[in-house]
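K.L.:
What follows is the residue order along each chain.
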Amino acid sequence: MSTDRLRIGYIPLCDAAALVVAVDKGFCAQEGLDIELVREVSWSNVRDKLNIGHFDAAHLLAPVAIASTLGLGHFKIPIIAPFNLGINGNAITVSPALHRALVAEAGEGVVNPLKSAQALALIAKRRREKGEEPLTFGMTFPYSTHNYHLRFWMAAGGIDPDEDVRLVVLPPPYMVDSLARGHVDGFCVGAPWNSVAVDRGIGYILHFVSDILSSAAEKVLAMRKSWADDNRDTVARLVRAHQRAADFIEDVANRDEVCAILAAPHRFDVTSEVVQRTLDGRLKVAPDGTVRSSDRYLLVGREGAARPNPIQAAWLYAQMVRWRQVPLSAELLAEAKAVFRPDIYDAILGLPVAAGKSEPADSVGGFAGPAFDDSDLAKYLAAWAPKPT
Amino acid sequence: MDPALKIVIVDENPIRAEILKDGLREAGFTQVVHINETANLLARIYAIDPEVILIDLENPSRDVLEQMFQVSRIVKRPIAMFVDESSSASIEASVDAGVSAYIVDGLKKERMKYILDLCISRFNAFSRLQSELDRTKTALEERKVIDRAKGILMKAKNLTEEEAYSLLRKTAMNENKKIAEIAQSIITAADLLK
Numbered sequence: 001m002s003t004d005r006l007r008i009g010y011i012p013l014c015d016a017a018a019l020v021v022a023v024d025k026g027f028c029a030q031e032g033l034d035i036e037l038v039r040e041v042s043w044s045n046v047r048d049k050l051n052i053g054h055f056d057a058a059h060l061l062a063p064v065a066i067a068s069t070l071g072l073g074h075f076k077i078p079i080i081a082p083f084n085l086g087i088n089g090n091a092i093t094v095s096p097a098l099h100r101a102l103v104a105e106a107g108e109g110v111v112n113p114l115k116s117a118q119a120l121a122l123i124a125k126r127r128r129e130k131g132e133e134p135l136t137f138g139m140t141f142p143y144s145t146h147n148y149h150l151r152f153w154m155a156a157g158g159i160d161p162d163e164d165v166r167l168v169v170l171p172p173p174y175m176v177d178s179l180a181r182g183h184v185d186g187f188c189v190g191a192p193w194n195s196v197a198v199d200r201g202i203g204y205i206l207h208f209v210s211d212i213l214s215s216a217a218e219k220v221l222a223m224r225k226s227w228a229d230d231n232r233d234t235v236a237r238l239v240r241a242h243q244r245a246a247d248f249i250e251d252v253a254n255r256d257e258v259c260a261i262l263a264a265p266h267r268f269d270v271t272s273e274v275v276q277r278t279l280d281g282r283l284k285v286a287p288d289g290t291v292r293s294s295d296r297y298l299l300v301g302r303e304g305a306a307r308p309n310p311i312q313a314a315w316l317y318a319q320m321v322r323w324r325q326v327p328l329s330a331e332l333l334a335e336a337k338a339v340f341r342p343d344i345y346d347a348i349l350g351l352p353v354a355a356g357k358s359e360p361a362d363s364v365g366g367f368a369g370p371a372f373d374d375s376d377l378a379k380y381l382a383a384w385a386p387k388p389t
Numbered sequence: 001m002d003p004a005l006k007i008v009i010v011d012e013n014p015i016r017a018e019i020l021k022d023g024l025r026e027a028g029f030t031q032v033v034h035i036n037e038t039a040n041l042l043a044r045i046y047a048i049d050p051e052v053i054l055i056d057l058e059n060p061s062r063d064v065l066e067q068m069f070q071v072s073r074i075v076k077r078p079i080a081m082f083v084d085e086s087s088s089a090s091i092e093a094s095v096d097a098g099v100s101a102y103i104v105d106g107l108k109k110e111r112m113k114y115i116l117d118l119c120i121s122r123f124n125a126f127s128r129l130q131s132e133l134d135r136t137k138t139a140l141e142e143r144k145v146i147d148r149a150k151g152i153l154m155k156a157k158n159l160t161e162e163e164a165y166s167l168l169r170k171t172a173m174n175e176n177k178k179i180a181e182i183a184q185s186i187i188t189a190a191d192l193l194k
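The listed protein sequences correspond, in order, to chains V and L. 342 is the number that our numbering gives to position 342 of the first sequence; each next residue is one higher, with no gaps. 44 is the number that our numbering gives to position 44 of the second sequence; each next residue is one higher, with no gaps.
Accuracy of the hints is not assured; some may be wrong.
[To be verified] Calculated pairs, EDC-like style, for lysine to aspartate or glutamate (alpha carbon to alpha carbon, straight line, at most 20 Å):
id, chain 1, residue 1, chain 2, residue 2
1, L, K6, L, E26
2, L, K177, L, D147
3, V, K76, L, D105
4, V, K225, V, D374
5, V, K49, L, D49
6, L, K155, L, D105
7, L, K113, L, D96
8, L, K21, L, E37
9, V, K49, L, E92
10, V, K49, L, D147
11, V, K25, V, D247
12, V, K76, L, E92
13, L, K113, L, E12
14, V, K284, V, E133
15, V, K49, V, D247
The set of hints was computed from the structure by calculation and includes no laboratory data.
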């Protein structure tokens with residue numbers, strides 16, 4: 001077997017786990033792949049370097065893969081994702097002051113995302129009446145799951161995310177400092193940054209994103225479609241190595257080793273204990289040490305999470321339409337769905353992947369609103385339109 | 001050139017920013033502001049309200065600028081990434097140099113091309129300077145190691161400085177190694193034998 005040299009870009013976040021383990025545990029080498037992992041500082045860099053061919057593949061925000069394919073915010077480069085690196089894994093963290101205000105409105109109901117969103121709507125309204133600055137929330141990118149997750153949650157409580165609050169892009173490593181300095185009142189980000197805020201005593205994890213959507217595609221292994229077409233054998237080896245890595249990560253017996261690999265200074269550069277919390281789905285949610293567990297916090301490969309699901313791409317496209325980033329059309333929807341490639345995944349691995357036991361009926365499982373249906377997006381989106389008062 | 005054009009440089013490296021600022025000033029752009037503190041970046045940029053924003057690619061805040069492409073209440077005027085007609089070549093050159101440019105929608109492309117080219121050449125000049133500096137530093141450190149090794153040899157084998165150096169050089173040639181490497185192993189050995 002010949003050895004292929006590849007350059008793959010990533011951002012140090014826990015959902016890059018399958019990629020990093022595939023390389024550092026030697027699964028890629030066993031497939032004859034010699035991979036240079038390049039740690040990047042911004043999604044714009046990852047996108048540009050993938051698009052111009054400096055990277056052969058990348059750990060990428062699922063909506064950025066769709067945005068590049070549709071030519072949004074940048075030029076149009078068709079991207080495909082034959083492997084899903086993570087389902088869920090984000091959380092919403094708020095400042096102690098905002099947490100107190102939410103609890104004052106919603107009481108114990110604050111753990112219910114509908115109640116917390118309604119409470120947030122009241123707080124935002126009161127601030128506006130008093131002429132105060134709107135509440136500000138950090139998210140990671142205009143085309144990010146974090147942006148859409150925050151908006152989905154807020155809008156269910158009656159908030160207009162473009163009018164009633166301010167959503168600002170912040171690089172994940174700056175989230176915690178921005179919360180501490182009061183530049184933002186909350187944020188939605190992936191691991192480990194929510195835990196870092198709680199550990200510093202300046203934030204409360206209000207919701208896991210799995211409370212808001214029971215299944216949300218997060219990061220994908222992305223590559224240019226033209227590159228994948230020209231390098232089918234390499235893609236097959238890459239996907240096999242990633243599947244082995246995902247299985248290895250999900251086997252609890254390997255947890256210590258996996259955490260040590262990921263936490264290393266040249267990879268994520270955090271304590272392995274913080275990585276462990278994320279993979280275990282057991283997070284400290286309040287500075288007083290309160291712990292919350294969820295078996296859906298982050299899915300790396302279990303329950304079929306690695307198999308790309310085009311319904312997830314359709315849901316992300318629907319959010320882009322809902323928040324006026326792109327027009328609604330059947331052609332664009334089809335292009336967006338074609339980014340996620342279960343056919344390639346199935347052809348390479350040849351295993352029937354059973355739907356997870358907790359897989360929601362509409363594949364997404366939103367906490368509010370109608371079931372997701374991509375056969376009639378106009379109708380689905382109309383159900384969300386603000387009601388005349 | 002248009003001296004009224006407002007340009008913002010976002011770069012946490014003050015030396016590189018200064019080099020770029022100088023270049024722009026020489027080219028006749030007088031309204032150049034350097035932002036080195038990236039907290040609350042969007043607010044700072046809106047306060048300046050520039051036509052052109054230049055940012056280094058090692059800066060995580062590049063993602064913050066991407067928000068300015070969006071049409072929304074908090075974005076005062078839409079910004080685009082500067083993409084030349086021969087777009088992929090210009091993007092590649094700027095990614096290689098480590099810089100990215102954002103412009104207010106509608107700004108004349110020809111003017112922007114000039115600024116970006118200047119920016120790329122200054123960024124490249126800075127990297128050359130940086131690697132030259134690194135090389136000089138290494139050379140200086142090697143010099144020190146060789147001098148110490150020479151001293152050890154002179155004392156232990158009762159050699160002149162010249163003899164000590166030629167012994168080092170001969171050994172390095174025989175073992176196909178750098179003189180500094182041989183010198184380092186002599187220092188290590190001497191430390192062990194103390």
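K.L.:
Does the structure keep L/K177 and L/D147 at a Cα separation of 20 Å or less?
P.N.:
holds (17 Å)
K.L.:
Hint check: L/K21 vs L/E37, CA-CA at most 20 Å. Holds or violated?
P.N.:
Within the cut-off at roughly 17 Å; holds.
K.L.:
Taking 20 Å as the top limit, are the C-alpha atoms of V/K284 and V/E133 close enough?
P.N.:
Violated, at roughly 30 Å.
K.L.:
For the pair supplied as a hint, L/K113 and L/D96, is the alpha-carbon distance within the 20 Å limit?
P.N.:
Distance of about 16 Å is within 20 Å: holds.
K.L.:
Does the alpha-carbon distance linking V/K76 and L/E92 stay inside the 20 Å limit?
P.N.:
holds (15 Å)
K.L.:
For the pair supplied as a hint, V/K49 and L/E92, is the alpha-carbon distance within the 20 Å limit?
P.N.:
Since the Cα atoms of V/K49 and L/E92 sit roughly 9 Å apart, the hinted pair holds (cutoff 20 Å).
K.L.:
Does L/K113 pair with L/E12 here, judged by a C-alpha cut-off of 20 Å?
P.N.:
violated (24 Å)
K.L.:
Compare the distance between the alpha carbons of V/K49 and L/D147 with 20 Å, and conclude whether the hinted pair is satisfied.
P.N.:
Roughly 45 Å separates the two Cα atoms, so the pair is violated.
K.L.:
Is the hinted pair V/K76 and L/D105 satisfied, with a Cα-Cα distance of at most 20 Å?
P.N.:
holds (18 Å)
K.L.:
Check the hint pairing V/K49 with V/D247 against an upper bound of 20 Å on the C-alpha distance.
P.N.:
violated (29 Å)
K.L.:
Sort out whether L/E26 lies within 20 Å of L/K6, counting only the CA atoms.
P.N.:
holds (15 Å)
K.L.:
Has the given pair, V/K49 with L/D49, been kept, meaning a C-alpha gap of at most 20 Å?
P.N.:
violated (29 Å)
The earlier numbered hints that this structure contradicts are 4, 5, 6, 10, 13, 14 and 15.
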